[in-house]
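Asks: Using the hints provided, position chain B relative to the given structure of chain A.
In case you want the letters, here they are:
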Amino acid sequence: MEIIFVLSSILLSFAISLGVGSSTIAIVNFFTAIADGTIEPTERRMMGVTYIILRVAMVAIALMLITQYMLGYVGVATPYFGTTHAVAMGIVTAVLYLNAVLMTYRIMPSTFGPAIQASSWYTLGTLAALIPVGVMAFPLSIFILAYTTAIILFISLINGAMGWLRHRELETQK
Amino acid sequence: METIIYDVFVVWMMSAVALGVGASSLAISSFLVALNDGTIDTSEKRMLKVIYWALRSAMVMIPVTVLVVTFLKPGVLSGVTFIWILIAILYLNALQMTFHWIKGIVGPALQAASWYTLGFLLSIELFNLAPLTWTLFLILYAADIVFFYVLVKAVRAWQKCHAVQ
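Here the protein sequences come in this chain order: A and B.
Numbering follows this note's numbering, in which position 42 of the first sequence is assigned residue number 42; successive positions increment by one, without gaps.
Numbering follows this note's numbering, in which position 120 of the second sequence is assigned residue number 120; successive positions increment by one, without gaps.
Keep in mind that the hints were calculated from the coordinates and are not lab data.
One or more hints might be untrue.
Using C-beta positions, here's what the derived DEER-type ranges look like [what the hints assert, rightly or not]:
id, chain 1, residue 1, chain 2, residue 2, range
1, B, V8, A, L140, 17 to 25 Å
2, B, V8, A, G160, 21 to 29 Å
3, B, T70, A, H167, 41 to 49 Å
4, B, D41, A, Y73, 26 to 34 Å
5, B, D41, A, Q173, 20 to 28 Å
6, A, E2, B, Q96, 40 to 48 Å
7, B, I139, A, I66, 51 to 59 Å
8, A, L98, B, C161, 23 to 31 Å
9, A, L157, B, L35, 45 to 53 Å
10, A, N159, B, M1, 32 to 40 Å
11, A, P139, B, V8, 41 to 49 Å
A few chain A positions that, by computed beta-carbon distances, are all more than 10 Å from chain B [as the list claims (entries may be wrong)]:
id, residue
12, L63
13, V76
14, T78
15, A94
16, Y97
17, M108
18, T111
19, G113
20, E169
Here are the computed lysine to any residue pairs in the SDA-like style, where the Cα-Cα straight-line distance is at most 25 Å [said to hold, decoys possible]:
id, chain 1, residue 1, chain 2, residue 2
21, B, K45, B, N128
22, B, K153, A, T42
23, B, K45, A, T38
24, B, K49, A, F30
25, B, K45, A, A33
26, B, K49, B, F99
27, B, K160, A, M47
28, B, K49, A, E43
29, B, K49, B, L32
30, B, K73, A, V135
All C-beta atoms in this analysis are idealised placements derived from N, C-alpha and C, irrespective of residue type, glycine included.
Next up, chain A with everything else stripped away, as it sits in the complex (with noise of 0.2 Å):
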């Protein structure tokens, strides 16, 4: 049982660090794509390449959270499962989950969509790189305020790009 929670804890931090990283180069590779107004076929074709590996991370989270919170419940690491830091990391997992399917199906509008799956992974970074530093008990109200911070952050952050880029490709067609 130990052994299944060591390998866990180890897959689930290596497929947050696969995620975390894969969504920064698709932000910045979709920000690429679309600085001259249109995505190229080709330009899809490498960016089908993150969304790839993207949900294979998602599916490892999933697969390795999974385990942990079967093995919380028979009772191994059992004072970790009644912490905040895994009630945020399932919120922050299904809300990646959710966020994936509205957006696939288009439910999601684009202007929320990403930011809220690029503010998610960084929310899962930050909480992973937590536990090395001993920070797991914290206020649920405190993790929600700063979760939705990072929300809004993204959604300027990512809307104000496009802005921008919408704004330089109209001045250069004038």
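Replies: Okay, now just chain B, sitting in the frame of chain A:
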């Protein structure tokens, strides 16, 4: 104050490794996708440049953060020797690839394997999951190198086979 700086640098170090792991996965897979038709065109080159830029940023951030973390709390990273070995290999291999001193697929495979080993080692180290030994390091690194070499070789062979058909 020192504790806050230490905590910030630990988070920063983990973020840098996350960026490196993600970017290296994308670098190798995008490189293979771009090579699918035999050539890397301008759009593909532009997209690959973004990934290489991210990789370089991570490569600069990691030694800086590792230095600060080990300076603030000496002995906190028990596997610091392995981390420096991997950083050295990452730099050396990047130079070899830039100046085309290393054969086609060996360079990218070694680079991806080094990033993945660094990612795994830091996860084990920072979460205190297992004692870091030379045996564990060598087995992990060898497994990563073999995995990436075989993967890249297999994908290239498959691409060549489809191109011939």
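Asks: I'd like to know which numbered hints this structure contradicts. Please list them from smallest to largest.
Replies: 4, 7, 8, 9, 11 and 21
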